[in-house]
Amino acid sequence: MKKITLVGLAATVLSSTLVSAAPAPKDTQFVPVPTYRSGPYSAASTAMFGGYMDYMAMLNARDAGINGVRLSWEICDTEYKTDRGIECYEKLKNKGDKGATSFSLLQTSLTYALLDKVAKDKIPLISMGSGRSDATDGEVFPYVFPLVANYWRQNVAKIEFIAQQEGGVDKLKGKKIVNLYHNSAYGKETQKILDAQAEKYGFEVEHFSINPSTGTEQQGIWLHIRRIKADWVLLRGYGAMNPTALKEARRSGFPVNRIIGSAWTGSEEDVIPAGKAAKGFIAPSFNAGGADFRVITDIRQRIYADGKGNVKEANIGSVYYNRGIVLGILNAEAIRTAQGKFGNQPLSGEQMRWGYENLNITDDSLRALGAEGLMTAVKTSCKNHEGNGKIHFQQWDGEKWTIISDWMDPDSSLVQPLIEASAAEYAHKNNITPRDCSKE
Amino acid sequence: MLYRECGQFKSSYKSDSSIFPILQDKIGILSLLAVAFFVVPVFANEYWLGSILIPFLILSLAAIGLNILTGYAGQLSLGSAAFMAVGAFAAYNFALRMPGLPLIVDFILAGLTAAGVGILFGLPSLRIKGFYLAVATLAAQFFIIWALTRFGWFSNYSASGIITAPPIIIFGYEFSSAASRYLLTLSIVSVFALAATNIIRSSVGRSWMAIRDMDIAAEVIGIKMLNTKLLAFAISSFFCGVAGALWAFLYLGTVDAQAFDLARSFEILFMIIIGGVGSILGSFLGAAFIILLPILLNVFFSLFSGAVHADTISHIEVMIFGALIIFFLIVEPHGLARLWQIAKEKLRLWPFPH
Amino acid sequence: MDFFFEVLIGGLLAGVMYSLVALGFVLIYKASGVLNFAQGAMVFFAALTFVSLLEKGLNFWAVLVLTLGFMVLMAYSIQKLVLDKLVNQPQITLFMATIGLAFFIEGFAQTLWGTEVHGLDLGIPDEPFIVAGMYISQFDIIAALLAGVLVAALAVFFNKTRIGRALRAVADDHQAALTVGIPLQQIWVIVWAVAGVVALVAGLLWGSRLGVQFSLTLIALKALPVLILGGFTSVPGAIVGGLIIGGSEKLAEVYIGPYVGGAIEDWFPYMLAMLILLIRPEGLFGEKHIERV
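Chains as they are written, first to last, in our numbering: chain A, 2 to 441; chain B, 68 to 421; chain C, 5 to 297.
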């Protein structure tokens with residue numbers, strides 16, 4: 002028995018070193034999909050990357066790719082861990098004809114870890130709707146793109162929304178806002194800007210962290226929040242932390258309609274498990290939910306009709322799923338833009354960078370794509386890797402999200418200096434000479 | 068037939084007490100080292116060097132540390148990853164705040180800091196034993212990770228709590244390629260493994276094993292419990308601390324405290340259990356097993372990637388991992404090192420039957 | 005002062021829920037000397053199976069019976085495939101085996117039922133009572149009552165039934181129990197099955213409180229300090245330990261937490277347990293250990 006085991010093990014080990022995973026199909030644009038499919042945060046990732054892959058599959062099925070160049074992709078499970086993520090990156094970065102198109106991440110700590118590597122390997126890192134926020138400055142971070150809306154601008158939108166609800170910016174003075182954040186890179190990124198806003202507008206802010214690995218025990222914190230009579234709570238959670246927070250808020254008597262989530266707490270996957278406790282919860286989003294878009298109908302017809310979808314059919318149209326479609330659109334349009342300059346062929350990461358830096362998605366192009374209303378216009382440039390997407394607020398009524406604000410364009414005057422200062426500090430610490438956008 | 072010590076006579080006490088008394092063993096280990104130093108960096112690609120061999124070496128070092136504490140001294144610890152974290156953050160802070168120091172000194176100082184913390188959390192071991200001690204080390208694990216995340220000073224007040232290691236420059240040479248980092252890691256780990264082997268063979272190691280086997284009897288014959296146990300904690304944490312510093316500097320480049328969470332502690336514990344508790348070779352074998360297994364499973368399942376949904380594959384991998392652990396514990400509770408010993412025993416006779 | 009009582013009561017009630025999980029540990033440790041790290045995974049599996057079957061539209065009671073069946077089947081397989089093969093191994097090996105088991109059960113549960121987070125509505129209202137200006141959760145009170153009923157049922161089981169007596173005999177001394185003809189393997193299957201039932205109740209209550217999701221497995225980590233305080237082999241100890249941990253944890257979080265930035269609920273119970281261990285190395289209710297040279 003032992004002998005057979007030993008021999009078997011040895012054989013498997015040896016053979017696996019010889020067999021490598023299948024190479025990407027020739028003449029395609031290869032896109033890595035670094036997702037995480039298990040653990041407390043998997044709901045968001047499965048939904049978003051599901052939408053991403055569905056969109057790419059639909060493009061291949063309906064249009065034979067982008068200008069004749071088909072897309073190919075491969076999933077790599079990072080388990081939301083930085084070291085597994087780096088392994089995924091190393092494994093996939095050279096796949097495909099010209100290497101990986103881009104690396105789209107939904108994992109802030111991994112984004113931080115890969116900042117140097119993507120600059121060296123010349124592969125664009127797309128952290129749509131996340132951080133690090135100062136990577137908006139393309140002069141210091143040529144290969145990082147926090148597209149549509151970075152964390153800091155989202156935060157400005159939240160405070161503007163609160164001001165709206167309170168009746169004006171001057172009414173913010175003296176209010177108590179609690180920042181309940183997930184104790185990770187993602188959660189911590191808004192502390193500085195909140196403090197800056199608190200100073201500017203005169204409100205008090207208290208920061209509380211929730212440990213990511215458990216995130217289940219929040220009773221004490223919510224009792225404390227009620228005790229200090231906070232006016233608003235910014236729930237900057239992720240994954241499993243969210244339904245727990247909403248439930249505990251209800252149990253301790255804090256009104257749920259005074260809790261504002263972040264873009265990554267505001268989808269069906271976050272509120273349905275909380276049941277009744279989530280009714281009234283408000284969250285920002287830079288994309289719309291719902292299945293009433295031509296692009297989703299196309300996906301349904303082309304992909305789900307054949308049973309090849311990447312998420313459960315009931316989940317099509319959730320906010321995260323649609324966000325995946327937005328990511329797909331951004332990726333595809335970047336490829337199209339870059340093809341305009343470099344020709345209709347598989348493109349390298351360096352060429353894709355040009356594409357991402359010259360994105361100009363207007364309302365007309367959204368209409369043509371069948372995504373009007375799904376997202377807002379995005380225009381990037383060498384200096385602005387974000388694109389100034391707009392943000393609106395939605396509220397959960399127990400069954401669906403209803404939009405309770407217009408598309409807001411948050412005031413960049415507070416954010417821009419912070420971005421430039423932070424990027425300059427990063428450049429200084431890491432001996433990076435920023436490029437000069439005016440010369441390109 | 069080939070592997071026997073027949074005809075090898077020792078003529079001095081010194082040669083008799085060498086680590087590898089049998090000539091074949093000596094040749095074996097030297098050729099292994101030669102291959103590791105000279106052949107592997109030339110032929111292995113960046114992925115293998117950077118994502119498999121380097122973490123393997125670093126985790127072996129941490130496993131050696133835990134083996135010293137749990138395998139040789141008998142003190143069950145579930146907090147080894149926390150000591151790695153202390154080492155990583157300490158190295159970062161030393162490199163940041165005392166920029167004149169050579170990097171190796173930073174690593175040593177980081178190890179010493181981890182050793183200090185280890186002594187602190189090892190104090191309860193004087194009163195508490197067995198599972199209770201394991202729970203006390205869990206306290207260390209949770210508290211240390213919380214403290215490193217909570218107090219911004221440790222991560223130099225970075226907005227995200229992530230520390231970025233400075234470029235590795237020793238004697239003016241920058242270790243940036245995967246091959247150079249691999250060689251540096253290999254050198255450091257070999258030196259430490261040699262040190263560990265020698266510590267184990269000394270009277271300190273023997274007093275640890277005495278405490279492991281029956282600590283009251285050990286005390287009766289004059290071994291000081293306090294000093295010996297704390298020394299075990301200190302040296303074990305030193306190794307784990309250096310491993311943590313290497314993890315941050317030579318492998319990931321950027322790290323946050325969550326990289327050293329409870330799952331990592333369990334991973335290291337699995338390594339020594341599967342590799343063989345109380346064996347330096349076992350630490351290496353266990354680390355290799357734990358590192359290679361997910362990759363093997365990934366490759367194996369990618370052959371089926373059409374038929375089985377990607378989600379399910381991850382879960383099946385977890386299941387197989389758990390099942391393999393149980394399987395190993397049933398089939399060979401003393402771990403892979405014991406299998407290797409049995410193989411060597413068989414080799415003495417081979418090809419003869421008896 | 006009101007607020008203090010509110011936090012305290014909330015903590016005590018949470019503590020009862022911790023005791024529920026710790027109870028599973030105690031049962032198994034008492035009867036077979038195994039510290040079952042997979043208890044958390046069992047709680048998760050039970051809750052996930054229950055909720056998934058419920059979502060398929062079956063009747064509540066049918067689902068309950070089915071899930072109980074699953075847990076008994078699991079107990080049986082664990083006994084046959086794992087524990088039988090590891091008889092006489094040192095405790096640490098058995099502990100490691102249960103860690104491997106925990107991984108296996110987690111992966112199995114998610115392979116079977118998927119990774120989505122499910123809400124679980126047991127029909128227990130979750131609005132707070134307001135008593136003398138304090139918010140007290142209805143849910144917690146009902147959960148505490150259910151836990152009390154479960155403990156009482158277990159007490160009756162252990163003291164008044166034949167199997168219960170056999171279990172106590174096995175817990176006392178394996179050899180002696182074998183000598184009087186008690187079938188050890190069968191008893192262990194029964195113990196694991198009972199622990200499975202306890203896991204199911206705990207899973208339902210916790211799942212209802214937090215949603216049925218992967219972090220349920222981490223509740224086991226909270227149970228360990230409870231076990232330290234209450235001793236590994238004492239059922240009343242588990243209850244008292246749970247109350248102490250629950251109460252002190254919440255009080256610490258509210259009163260000390262804000263000064264250190266929060267999130268101390270994680271390590272505070274462990275630190276407390278460690279401090280108590282320094283004074284009483286067997287925990288508050290544990291059996292005193294006599295070591296012979």
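Treat the hints with care, since some could be wrong.
[To be verified] Computed footprint of chain C on chain B, listed as stretches where at least three residues anywhere in the stretch have a Cβ under 8 angstroms from a Cβ of chain C:
hint : stretch
1    : 201-207
2    : 384-392
[As the list claims (entries may be wrong)] Simulated crosslink set (DSBU-like; lysine-lysine; CA at most 30 angstroms straight-line):
hint : chain 1 : residue 1 : chain 2 : residue 2
3    : A       : Lys176    : A       : Lys391
4    : C       : Lys89     : B       : Lys411
5    : A       : Lys123    : A       : Lys176
6    : A       : Lys384    : A       : Lys401
7    : A       : Lys121    : A       : Lys193
8    : A       : Lys277    : C       : Lys89
9    : C       : Lys34     : B       : Lys413
10   : A       : Lys309    : C       : Lys34
11   : A       : Lys280    : A       : Lys313
12   : C       : Lys60     : A       : Lys280
13   : A       : Lys430    : A       : Lys440
14   : C       : Lys60     : B       : Lys196
Derived by calculation from the structure, the hints in this document are not laboratory data. Computed from a prediction, not measured in an experiment: that's the story for all the values here. Ideal placement from N, C-alpha and C gives every residue a C-beta, glycine not left out.
Hint check:
Remark: the stretch 201-207 of chain B is confirmed as covered by chain C, as 4 of its residues place a Cβ nearer than 8 angstroms to a Cβ of that chain, reaching the required three. Under the rule that three or more residues need a Cβ within less than 8 angstroms of chain C, the assignment of the stretch 384-392 of chain B holds, with 9 such residues. Distance hint between A:Lys176 and A:Lys391 is fulfilled; the C-alpha atoms sit about 26 angstroms from each other, no more than 30 angstroms. Restraint check: the Cα-Cα separation between C:Lys89 and B:Lys411 comes to about 27 angstroms, which is no more than 30 angstroms; the hinted pair holds.
Among the hinted pairs, A:Lys123 with A:Lys176 is inconsistent with the structure: their alpha-carbon atoms are about 46 angstroms apart, more than 30 angstroms. In summary, the hint linking A:Lys384 to A:Lys401 is not supported, as the alpha carbons are separated by about 38 angstroms, beyond the 30 angstroms threshold. Pair hint A:Lys121 plus A:Lys193 holds up; C-alpha atoms about 29 angstroms apart against a cutoff of 30 angstroms. Annotation: proposed proximity of A:Lys277 to C:Lys89 is violated, straight-line Cα distance about 47 angstroms (limit 30 angstroms).
The hinted pair formed by C:Lys34 and B:Lys413 fails the criterion: a straight-line CA distance of about 42 angstroms is larger than 30 angstroms. In summary, the hint linking A:Lys309 to C:Lys34 is not supported, as the alpha carbons are separated by about 51 angstroms, beyond the 30 angstroms threshold. With a C-alpha separation of about 24 angstroms, the suggested pairing of A:Lys280 with A:Lys313 holds against the 30 angstroms cut-off. A hinted pair counts as satisfied when its Cα atoms are at most 30 angstroms apart, and C:Lys60 with A:Lys280 qualifies at roughly 25 angstroms.
Restraint check for A:Lys430 and A:Lys440: satisfied, since their Cα atoms lie roughly 24 angstroms apart, inside the 30 angstroms limit. A hinted pair counts as satisfied when its Cα atoms are at most 30 angstroms apart, and C:Lys60 with B:Lys196 does not qualify at roughly 48 angstroms.
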